[in-house]
Amino acid sequence: MKWGMIDRYAKSLIKEAGHKIRVSFFNQIDIDSKSDANDLVTNIDKGIEQFFISRIKRDFPDHKILGEEGFGDDVQTLEGVVWMLDPIDGTMNFIHQKRNFAISLGIYAEGVGMLGYIYDVMRDDFYHAAKDEGAYFNDERLPQLEVTPLTEAVIGINASWVAPNRYVDNEKVIEMIKKCRGTRSYGSAAMELAYVSSGRLDAYISMRLSPWDIAGGIVIAQEVGAIATNMNGEFPRLLGQDTFIVARPGLHRDILTNYIRMKQ
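Quick note: the working numbering has the sequence shown finishing at residue 1136, numbered continuously throughout.
Hints were generated in silico from the structure; no laboratory data involved. Predicted model only: the values in this text are computed from it and were never measured. Some hints here could point you the wrong way.
Stated by the list, open to error - The calculated lysine-lysine pairs, modelled on DSS-like cross-linking and capped at a C-alpha distance of 30 Å, are:
# : residue 1 : residue 2
1 : Lys970    : Lys874
2 : Lys883    : Lys929
3 : Lys918    : Lys883
4 : Lys970    : Lys1044
5 : Lys906    : Lys874
6 : Lys970    : Lys887
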């Protein structure tokens, strides 16, 4: 497999898609909901996913595509090459803020992440990585992450996991939040993965994410030494939803061991 060629192709495709998204603000944006009133989708999400799929199917007909909006393949196995795409990760931000959203793409071969991309469209910030070749912020190589104790850590977490919920013991989460230096929530899993990888956050936690939310970011995070797993300490499921934590080394173990208690 010519991964260098695929890498260049994917970067060009993502930049072209980003331009299409920026131009879309001059047109009408039609908003709909999916699983609930807060799970939003727009005609732009759908159009950008279809743009990716048409190009990838034309140029790599033997590759499979797993996309959030459902226009890709019915992927039941990770055999072969699978592109995992979220055309706009952070659709609520896209609608309400016109920023703080990203294109998220991971390219996997036989279940192994080979290439990862997170493109902050409005800032033109590009996080990308190739397996065993390091991670980059635009053209700058990202350094390996150093150990940070919880007392000095800034953690990305949604406030809904602090309130009583059916996934995790929120009292233990509150303990963690009281002990850490601070928390942030950006409304985009891809953006928060990018921020952990670049050292702007020290950890990111979520109780329910889909493969396209994290596939690209995992490749980037692993290249700088971050640990990415589900709440059982296993590699996240890439064929369905799963819990998720990505953190600096050491901090990952501390959070999972001492502050995460999953409900049965």
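So, going through the hints one by one against the coordinates:
| no. | hint | result |
| --- | --- | --- |
| 1 | Lys970 with Lys874 | violated, 36 Å |
| 2 | Lys883 with Lys929 | holds, 16 Å |
| 3 | Lys918 with Lys883 | holds, 20 Å |
| 4 | Lys970 with Lys1044 | violated, 35 Å |
| 5 | Lys906 with Lys874 | violated, 37 Å |
| 6 | Lys970 with Lys887 | holds, 17 Å |
Checked against the numbered hints above, the structure violates hints 1, 4 and 5; every other hint is satisfied.
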